[in-house]
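> The residues making up each chain are set out below.
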Amino acid sequence: MYAYDDIDRTLLSERVSEFRDQVKRRLSGELTEDEFKMLRLQNGVYLQLHAYMFRVAIPYGTLSSKQLRRLAHVARTYDRGYGHFTTRQNIQFNWIKLAELPDALADLAEVGIHSMQTSGNNTRNVTSDQWAGVAPGEVEDPRIWSEILRQYTTLHPEFSFLPRKFKFAITASKHDRAAIKIHDVGLRLHRNDKGETGFEVMVGGGLGRTPFLAKTIRHFVHGHDLLSYVEAILRVYNRYGRRDNIYKARIKILVHELGADKFAQEVEEEWRQMDKRVLTLTDADIENVRSRFSYPVYENLPHMPDELKAAAHDTRFEAWRKNSVAPHKVPGYAIVTLSLKPVGMPPGDATAEQMDAIADLADRYSFGEIRVGHEQNLALPHVAKRDLPALWRALDKIGVATPNVNLVSDIIACPGLDYCSLANARSIPIAQELTRRFANHETASLIGRLHINISGCINACGHHHVGHIGILGVEKNGQEVYQITIGGRADENAELGNLIGPAVPYGEVADVVEDIVEAYLALREGPDELFIDAVKRLGVEPFRERVYATR
Amino acid sequence: MPLVRNEKITADDFVRVADDATIPAGGNVLIPLARFLEDAEALLQRDGKVGVILPNNRDPDDLEPYLERLALIALVFPTFRDGRAYSQARLLRERYGYDGELRATGQVLRDQFVFMIRAGFDAFEVKKDSDALAFEETIKRYSVFYQPTADGRFTALRQRLFRPYAAASR
Ligand code: SF4
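As you go down the protein sequences, you meet chains A and B in turn. Numbering follows this note's numbering, with no gaps: position 497 of the first sequence is 497. Numbering follows this note's numbering, with no gaps: position 160 of the second sequence is 160.
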């Protein structure tokens with residue numbers, strides 16, 4: 001955990017009073033809605049279909065139990081008793097009243113949480129691997145660097161009015177759980193020949209109307225130079241990014257129009273001319289930030305405790321353990337994923353009661369720490385294996401132990417037409433229907449790893465381009481229809497999916513997905529060939545044939 | 001539109017000269033970049049100070065040869081959402097060492113003052129009277145800054161290094 005000091009706390013409380021003043025000026029009419037819009041967006045407040053939506057940052061996906069309880073409090077006090085975890089390590093509240101927002105912000109600030117720059121054309125919440133610091137084989141904890149970047153990008157005097165939003169993601173593992181290639185800047189932490197820590201820098205990833213995967217513009221930027229290099233990228237973007245057309249304003253378009261090489265040259269040139277002294281991170285700077293992260297004191301525990309052996313005969317427990325428990329870097333411990341995708345429910349939602357209960361369980365079993373992943377699930381990162389059976393019973397009781405992590409019903413979906421004013425089509429009901437279709441655990445396990453992503457419009461908040469099966473809602477002649485892609489992925493081998501055929505109406509989406517899955521089961525070489533690998537081997541055609549033959 | 005300079009509302013001692021208007025023989029003038037570049041040397045020789053309006057899509061390079069002789073550079077925020085002039089300001093101050101007046105013009109609102117000061121602006125053509133009146137109070141909103149810029153404020157990172165950890169975690 002990163003512990004805020006008085007400096008961080010001062011800044012937050014200053015921010016809250018500033019926003020209080022802005023809300024006051026809006027309510028009194030001194031600020032027009034147009035002028036207020038940017039100010040509220042800088043604080044994560046959107047105007048949605050029914051009400052204001054409030055988006056709170058969970059930097060690099062790490063929460064303390066105290067912070068989670070406070071989120072529950074906000075859900076209960078200012079909203080309708082639940083929150084929605086997004087694909088970018090944020091939580092959204094959908095029913096907030098403008099006049100109460102400053103109080104909600106103040107409550108959150110007390111536990112070191114904020115909503116600064118969770119929307120608007122600025123640098124957004126820095127995301128990272130939800131298993132940071134506990135994943136086996138990690139180069140080092142990427143959250144140290146995420147926090148350094150968080151501070152650097154917070155209220156930046158030069159880059160708070162960029163052409164468009166700007167997102168960073170950092171990973172330090174071989175397996176990329178942070179989807180860095182679909183970010184404006186993706187940073188892969190690694191070591192050079194001398195054993196020094198640095199970053200491969202990828203730029204220009206993003207989905208939406210014109211999806212691109214990020215391209216590497218430098219293989220190694222020394223950790224000391226991270227901020228100056230990032231400043232060079234942001235300055236080039238701020239000056240030359242397009243501002244004439246909102247759909248062409250993301251950095252991906254600049255990188256695409258200039259070409260990655262030319263863009264890299266521009267950055268290098270800016271970097272060369274820059275006075276780097278003030279931005280160079282000294283070892284002392286880095287250590288200072290590192291020292292404010294606290295780590296659990298692990299015990300020496302057996303790899304296979306008796307409690308686990310005893311529970312092995314319980315098939316429900318075993319199904320959950322095999323699905324939701326992952327190896328930890330410390331023997332005797334495990335990382336436990338909590339599925340927020342119960343059958344028939346909107347993906348990523350948690351009630352205030354669930355959040356409170358999870359906070360209590362984190363205190364009891366996970367050193368008070370909770371993680372939030374871009375798949376819209378939560379995790380307890382430090383669970384002793386001997387506690388797994390007891391933890392499972394408790395999680396099961398509150399409905400977050402559905403053994404479907406990474407399976408077909410672990411669906412990523414945006415809020416869609418149920419909440420979002422930009423939506424063309426519903427996404428949540430589609431996800432709900434699919435979880436019902438694939439509710440049988442045996443069938444889902446037989447199918448194996450399969451990610452379905454759903455977006456309610458081309459803005460792609462549900463990351464449909466990188467879903468193994470991607471579903472995009474569009475509007476055609478006043479009807480909701482859905483374009484379906486297959487073969488996308490967001491990890492270190494990121495790919496954009498390919499369209500499988502003509503768009504289908506709302507009522508047929510679940511049937512088509514079932515047909516795709518059946519086609520896969522018939523076409524795969526064996527149970528070891530994952531859906532995504534089968535699509536890679538075979539291409540779209542055999543799937544198209546089978547799915548559209550009868551349509 | 002009130003002008004704020006040194007934290008106070010002051011009278012503007014520069015006359016803005018439109019593209020096609022005649023340039024007065026004396027007195028301080030503020031001239032669009034294109035017009036200035038046409039005849040820079042002559043303009044700089046005339047009686048009175050010269051300021052230039054630099055559009056936000058132009059490189060500050062254009063002004064490099066004249067920086068020491070310019071009394072004022074006005075940067076433009078066509079809307080407050082367009083942040084290009086922040087980069088121009090930092091470049092002028094930090095890279096080119098310009099130390100004359102740097103004026104923010106266009107849609108300049110209260111909530112940008114702190115960013116602008118940090119980027120190097122020291123004069124502000126403020127859109128609304130109420131914002132101009134609130135200038136002094138507004139710029140005191142923040143006492144903590146995470147990024148180093150040429151305004152020389154001590155950043156959070158450095159602040160932490162110069163005191164014992166115990167104090168920081170209190
Ligand atoms: S993808 Fe579209 S519909 Fe879904 S949340 Fe984003 S903007 Fe709204």
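Careful, some of the hints might be misleading.
Unchecked claim - Under the rule of at most 16 Å between Cα atoms (straight-line distance), these lysine to aspartate or glutamate pairs were calculated in the EDC-like manner:
1. B/Lys49 with B/Asp99
2. A/Lys329 with A/Glu495
3. B/Lys8 with B/Glu94
4. B/Lys140 with A/Asp21
5. B/Lys128 with A/Asp34
6. A/Lys66 with A/Asp356
7. A/Lys165 with B/Asp82
8. B/Lys128 with A/Asp107
9. B/Lys128 with A/Glu30
10. A/Lys385 with A/Glu318
11. B/Lys127 with A/Asp34
12. A/Lys276 with B/Glu94
13. A/Lys397 with A/Asp356
14. A/Lys66 with A/Asp360
15. B/Lys8 with B/Glu137
16. A/Lys66 with A/Asp363
17. A/Lys397 with A/Glu442
18. A/Lys536 with A/Asp491
19. A/Lys165 with A/Asp244
20. B/Lys127 with A/Glu30
21. A/Lys215 with A/Asp261
22. B/Lys140 with A/Glu14
23. A/Lys248 with B/Asp82
24. A/Lys24 with A/Asp6
25. B/Lys49 with B/Asp61
26. A/Lys215 with A/Glu495
27. A/Lys37 with B/Asp82
28. A/Lys97 with A/Glu110
29. B/Lys127 with A/Glu35
30. A/Lys174 with A/Glu138
31. B/Lys49 with B/Asp82
Said to hold, decoys possible - Ranges between beta-carbon positions, derived for each pair:
32. A/Arg272 with B/Ala11: 38 to 48 Å
33. B/Lys140 with A/Arg393: 17 to 27 Å
34. B/Asp99 with A/Leu258: 47 to 57 Å
35. B/Arg58 with A/Leu499: 50 to 60 Å
36. A/Pro505 with B/Arg16: 37 to 47 Å
37. A/Leu499 with B/Pro55: 41 to 51 Å
38. A/Asn477 with B/Asp12: 51 to 61 Å
39. B/Arg16 with A/Thr32: 35 to 45 Å
40. B/Arg16 with A/Glu110: 23 to 33 Å
To be clear, the hints were calculated from the coordinates, so they are not data collected in a lab. Virtual Cβ for every residue (Gly too), placed ideally from N, Cα, C.
> At the C-beta level, are B/Arg16 and A/Thr32 separated by a distance inside 35 to 45 Å?
Roughly 26 Å apart at Cβ, these two residues miss the hinted range, so it is violated.
> Quick one, are A/Lys165 and A/Asp244 close enough, alpha carbons at most 16 Å?
holds, 15 Å
> Against the 16 Å threshold, does the CA-CA distance of A/Lys536 and A/Asp491 hold or violate the hint?
holds, 15 Å
> Compare the distance between the alpha carbons of B/Lys128 and A/Asp34 with 16 Å, and conclude whether the hinted pair is satisfied.
Between B/Lys128 and A/Asp34 the Cα gap is close to 15 Å, so the pair holds against 16 Å.
> Check whether the Cα positions of A/Lys66 and A/Asp360 lie no farther apart than 16 Å.
Roughly 9 Å separates the two Cα atoms, so the pair holds.
> Below or equal to 16 Å on CA atoms is what counts here, so check A/Lys174 against A/Glu138.
holds, 7 Å
> Between the beta carbons of A/Leu499 and B/Pro55, is the distance compatible with 41 to 51 Å?
holds, 43 Å
> Do the alpha carbons of B/Lys127 and A/Glu30 lie within 16 Å of each other, as the hint requires?
holds, 13 Å
> For the pair supplied as a hint, B/Lys140 and A/Glu14, is the alpha-carbon distance within the 16 Å limit?
holds, 10 Å
> Does the structure keep A/Lys66 and A/Asp363 at a Cα separation of 16 Å or less?
Answer holds: A/Lys66 to A/Asp363 is near 9 Å, not above 16 Å.
> Given the hint that B/Lys8 pairs with B/Glu94, does the C-alpha gap stay at or below 16 Å?
Roughly 25 Å separates the two Cα atoms, so the pair is violated.
> Hinted pair, alpha-carbon criterion (16 Å max): B/Lys128, A/Asp107. Please report holds or violated.
Answer violated: B/Lys128 to A/Asp107 is near 32 Å, above 16 Å.
Figure legend: structure checked against the earlier numbered hints; hints not met, in rising order: 2, 3, 8, 17, 24, 25, 28, 31, 33, 34, 35, 36, 39, 40.
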